[in-house]
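> Respectively, the protein sequence lines represent chains A and B. Counting from 1, one number per residue, gives the positions in the first sequence under our numbering. Counting from 1, one number per residue, gives the positions in the second sequence under our numbering.
Hints should not be assumed to be uniformly reliable.
Quick list of in silico lysine to aspartate or glutamate cross-link-like pairs, DMTMM-like style, CA-CA up to 20 Å [claimed, not checked]:
#, chain 1, residue 1, chain 2, residue 2
1, A, K4, B, D153
2, A, K8, B, D121
3, B, K224, B, D55
4, B, K16, B, E44
5, B, K226, B, E44
6, B, K298, B, D153
These aren't lab readings, by the way, just hints derived from the structure by calculation.
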Amino acid sequence: MVAKPLPKPSIHSAPFWNGLAAGVLKLQRCTRCGEAQHPPGPVCRTCWSDALEWVVASGEGVIYSYTIVHRTTTPGFAGETPYIVALVALAEGPRVTTNIVDCPIEDVRIDQAVTAKFDAAGSVTLLRFAPTVEKSV
Amino acid sequence: MRFAAITGYAELPARKGADGVTALDLYCRLARELAVDAGLERGEIDGLLVHTPFDGFSLYWPTVLGDALALDLRYFDVVELGGASAAGMIWRAAAAIEAGLCDHVLCITADVFTGLSGARDLMPAQRGEFEMPYGVSPPNGYYAMAARRHMHDHGTRPEQLAKIAVDQRTNAMAAPGALFGSKSLTIDDVLNSPLVCDPLHLFEIVSPCTGGSGVVVSRRSASKSKHPPIALIGAGEAGTHLNLARRPDITTSLAVRSAEAAFRMAGLSAADMNFAQLYDCYTIAVLIFLEDLGFCRKGEGGRFVAERDLTWGGDFPLNTSGGQLSYGQPGGAGGMIAVVEAVRQLMGRAGGRQIANAAKGVAHGNGGVFADEVTLVMAN
Numbered sequence: 001m002v003a004k005p006l007p008k009p010s011i012h013s014a015p016f017w018n019g020l021a022a023g024v025l026k027l028q029r030c031t032r033c034g035e036a037q038h039p040p041g042p043v044c045r046t047c048w049s050d051a052l053e054w055v056v057a058s059g060e061g062v063i064y065s066y067t068i069v070h071r072t073t074t075p076g077f078a079g080e081t082p083y084i085v086a087l088v089a090l091a092e093g094p095r096v097t098t099n100i101v102d103c104p105i106e107d108v109r110i111d112q113a114v115t116a117k118f119d120a121a122g123s124v125t126l127l128r129f130a131p132t133v134e135k136s137v
Numbered sequence: 001m002r003f004a005a006i007t008g009y010a011e012l013p014a015r016k017g018a019d020g021v022t023a024l025d026l027y028c029r030l031a032r033e034l035a036v037d038a039g040l041e042r043g044e045i046d047g048l049l050v051h052t053p054f055d056g057f058s059l060y061w062p063t064v065l066g067d068a069l070a071l072d073l074r075y076f077d078v079v080e081l082g083g084a085s086a087a088g089m090i091w092r093a094a095a096a097i098e099a100g101l102c103d104h105v106l107c108i109t110a111d112v113f114t115g116l117s118g119a120r121d122l123m124p125a126q127r128g129e130f131e132m133p134y135g136v137s138p139p140n141g142y143y144a145m146a147a148r149r150h151m152h153d154h155g156t157r158p159e160q161l162a163k164i165a166v167d168q169r170t171n172a173m174a175a176p177g178a179l180f181g182s183k184s185l186t187i188d189d190v191l192n193s194p195l196v197c198d199p200l201h202l203f204e205i206v207s208p209c210t211g212g213s214g215v216v217v218s219r220r221s222a223s224k225s226k227h228p229p230i231a232l233i234g235a236g237e238a239g240t241h242l243n244l245a246r247r248p249d250i251t252t253s254l255a256v257r258s259a260e261a262a263f264r265m266a267g268l269s270a271a272d273m274n275f276a277q278l279y280d281c282y283t284i285a286v287l288i289f290l291e292d293l294g295f296c297r298k299g300e301g302g303r304f305v306a307e308r309d310l311t312w313g314g315d316f317p318l319n320t321s322g323g324q325l326s327y328g329q330p331g332g333a334g335g336m337i338a339v340v341e342a343v344r345q346l347m348g349r350a351g352g353r354q355i356a357n358a359a360k361g362v363a364h365g366n367g368g369v370f371a372d373e374v375t376l377v378m379a380n
């Protein structure tokens, strides 16, 4: 069986992956201009400040676009098709590349509300999203 | 650019599989053919620009090729803008000549592209970390998401995208060396081909191949070519990001900016072009570049392609050698197909697919997923 590619955390991204492992979505935010960014980097892409902090994000977002992968070029995923790859716009602004899970492929829609789901995958935890379940008040 | 001109080109036939060669073999073959086409002796060539092939790429890559060919170089470098590398080379070569650094620059791209593993090994760490673990199936998955969003925002339909592949196939049938030049396509053929990444079908996606092509950029006063010199009258380049997730609107590319700069330099607009050779890793890329270069407004690309004959003899000649979709994609060297075909048409050497009175045209290169955009405006 071919192994799936797993993330190799860097010095810039370790807090992100450590957060996921603890069930928390963290984003890098600039203390100078307030912009959040993802993927994380050495400086703020908006103002070039290196005074960056990690903040807890809501885990809520909407699907900006998606594709249903029927034939995959990614090692280890051949047995998973069809599956959904999406760009999810987080409530805090940045978009993430991710999967939509717990969702029949015929139901996925642009602008659909989704909620973060923390999926253990070997030694790391991946950030996936599932359709938001409406809470009754 | 007044002092520089494109004086020759060479193009290898596309082949499936490794064909018993390395990328370095193909580079050397192209260098020989380019020298002959531009009428140059080896000792007259003093410039060399190359891209990064998946097969055999290393540090000192321009030096490796220069050494293999025993060139005496005054200007040599690697241009790494993915599929935009070819277009990016042309204006750099012309600028080097304008600056007085050299007289004859070989611009060469070639690769032995048999699978994605070689490409994966060279990808930026950020892609491996934040995209690959989700099975993004690059690059198909990214362009499929652009297509999906374009359909959502602008009502673009699958049969409109398919039309691009169909007309380019017709062009390939008049292009010796094309990988898929022997069988025509219909819109139904495209839509009935397997969905790879919904909404993109198999026949809307380039096929990896072995091959390559290149051009010679020369100082006009030093040209020995028997062919008409082709002027680079406008060039523009744009980049702001690596990953598609960073694009504010994935249905609009930075080609808006590269094209605006190139047309402004040329003093012309899209409407003045006799043809367009646009980067075409996927049908959706062509549609978006038609809009972003200004051939139609944003969102009207679907109707634009449906209402026009995009073949070499039609009212809007597009990717007249079949483009990468039908000629084949030799990795990052695929971007040179558009450049060479623009030069070939403007030199009047396109044989059975020659566009009548071709005088001005545009070639556009794209790297990554709408990450590196280079637009060239050329004239004879």
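> Given the hinted pair K226 of chain B and E44 of chain B, is their Cα-Cα distance within 20 Å?
Measuring from Cα to Cα gives roughly 16 Å; hence the hint holds.
> Is the straight-line distance between the alpha-carbon of K4 of chain A and that of D153 of chain B 20 Å or less?
With Cα atoms ~33 Å apart, K4 of chain A and D153 of chain B exceed 20 Å; violated.
> Please verify whether K298 of chain B and D153 of chain B have alpha carbons no more than 20 Å apart.
holds (10 Å)
> Please work out if K224 of chain B and D55 of chain B have their alpha carbons no farther apart than 20 Å.
Cα-Cα ~33 Å, so violated.
> Straight-line Cα separation of K8 of chain A and D121 of chain B no greater than 20 Å?
It holds: about 14 Å lies between the C-alpha atoms, which stays within 20 Å.
> If you draw a straight line from the CA of K16 of chain B to the CA of E44 of chain B, is it 20 Å or shorter?
violated (34 Å)
When each numbered hint is compared with the structure, violations occur for hints 1, 3 and 4.
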